[in-house]
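Between the sequences and the hints, there should be enough to build the whole structure, so can you do that?
2 protein chains.
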Amino acid sequence: MKCKRCRRAEAAVDLPSHHAAFCPDCFFVFFRRQVKEGIRKLRLLAPEDRVLVCVSGGKDSLVLWDVLMEEGYETEGLYIDLGIDGYSDRSKERVLAYAASRGKTPIVVELAKEGIPIPETARCARMQECSVCGTVKRHFFNRVAAEGKFTVVATGHNLDDETARLLGNLLHWQRDHLARQHPFLPETGGGLVRKVKPLWRVSEVETAAYGFLKGIDYVTEECPLSFDATSLVYKESLSLIEEKMPGTRIVFYQGFLEPSNPLRRTAVDAAQADAVSPQGGEPAAGAGPMGEDGEEIRGTPRACASCGAPTFAETCSYCRLRERVRQRRERRAGGRG
Amino acid sequence: MKCKRCRRAEAAVDLPSHHAAFCPDCFFVFFRRQVKEGIRKLRLLAPEDRVLVCVSGGKDSLVLWDVLMEEGYETEGLYIDLGIDGYSDRSKERVLAYAASRGKTPIVVELAKEGIPIPETARCARMQECSVCGTVKRHFFNRVAAEGKFTVVATGHNLDDETARLLGNLLHWQRDHLARQHPFLPETGGGLVRKVKPLWRVSEVETAAYGFLKGIDYVTEECPLSFDATSLVYKESLSLIEEKMPGTRIVFYQGFLEPSNPLRRTAVDAAQADAVSPQGGEPAAGAGPMGEDGEEIRGTPRACASCGAPTFAETCSYCRLRERVRQRRERRAGGRG
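Residue numbers (this note's numbering), protein chains in the order written: chain A, 48 to 384; chain B, 48 to 384.
Quick caveat, the hints were computed from the structure, so don't treat them as lab data.
Restricting the straight-line Cα-Cα distance to at most 30 Å, the calculated cross-link-like pairs of lysine-lysine (DSS-like) are: (1) B:Lys291 with B:Lys88; (2) A:Lys282 with B:Lys282; (3) B:Lys291 with A:Lys282; (4) A:Lys282 with A:Lys51; (5) A:Lys291 with B:Lys282; (6) A:Lys291 with B:Lys291; (7) A:Lys151 with A:Lys83; (8) A:Lys51 with A:Lys83; (9) B:Lys51 with B:Lys291; (10) A:Lys196 with A:Lys88; (11) B:Lys196 with B:Lys88.
Structure representation (structure tokens):
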């Protein structure tokens, strides 16, 4: 099959949802246009932005960084080393190699050095690893952005991620999560940087094809701590529909984002709730206005007594987690002495 | 495995969404309780109601009739012979046999005799068979109910039907359809009888098990004119989720029905729109406030000049369809003469 755009080269990527098939070069043009369109439609980024791109070593975040650089945005990569044996080393390697190939050095935060590695913290706090990871990452997104004078944080969530999350939120009518789900969460007072998801219009398959054809070497293994079976089921279920009715995912997500959709509250409310909720923007069964550690997420946040981050409690979730690890370590050291 | 209710007999039906397994007798009790609970929760029926049960010959409608009779409701069955070669005869046979076994004679409407058999009408009107069928059925539901002084019309839609339709409406954000989707559509002025779906809480598997264990002989073939691939894909997609997360369907549908759900308008508006829209309550891509034959569904309906049914046009959709068949037959007869 010939490329539907240049009509000369052989098509390498078939996209039924766009009634199209492209050769590699034309696919790059198409993909970047889709991302630019996603940025333009929701005004995610301005040309003068300093963008902190959160890179995990997976395809989505590396592809995001690649496209934003090619589009001329001023970017730096942030890699958070979660302290997970083997997996974290392999991920970091990919991030460093990719960054080096583009003449960049990413900002690296090592949670082990910060005294809050995910596996130990989850054990100490008796919480799910993914929940702990979300809280810790959000903390560093805001902190590194503030320290480095970044105007915006970008993450690599794609259309499949967003629609799976939307479906899960709808199946359980999680109104708070629905109100908070958006590719644009604006900056709010008190140290909350703007957060955007520029890949919201492109699918997982498209992102993988872009990474593969661009020769980006990314980790394909999933995080060993997070086998998020729930979100995989939603993805599979939507893939089944998408296969029979190409284009359903984007119609579903765009219709959800319509400002007239009664399920949407204002993005400002959403951003505030997102920043201080222990569950943050991730879907979690049964999460309401009260966070799982009892921190209520209504009203106006104040500064954390320990680190200054916005919180509705005396100290923020991050500092409380860190304190639990510290106390446990102290008890253990005491026990040994 | 033993029955979880009586703990004596062998379990015959396994219900993961209820964390239960039942022997046939206990399953009958369970199933009837579920239906009663669905009726009670949404006040679908009152003890003094005269219920017109629409029976197609399939499992859902015959099971519905069976349960309503066992629960002591005053019921009559309505069978509409669609005039589809072979299929209609086989369906009618099952309805008549079931009715006879309960000492009943159903009301039978033969569309061929009424001058509006579905296959010919669809050809004459150049419309999809399912769309024609919906219009014609709704007409007779209201007409037979009025003639027979029935206070309510009951149809056999189950939880799988309703959630598949809900998912389709959500994926395309069909706000009009979402507002109109409810197991209870109240009676409104001008000849619109109340319409209810008492099986909304029970799944397809549960209904099939009830029919099978009760020895009800129903048609298993699908209507040959309606291979509704879309709704089957939605059902399959939800089955995949239900299998991994039993109970998701009922949570999804109950959450949708919550009066606080911002996607719901008042049921009265919904019923009015339902009665006069050519698409009626069925999901149809791209259907808005304007019906496909241009009949606007806003405002107050008036009486059809021909049959007196409520409509926003001069004559109702049913009469216009019937007129098209008559004209075409006349032209054909003229052509031959």
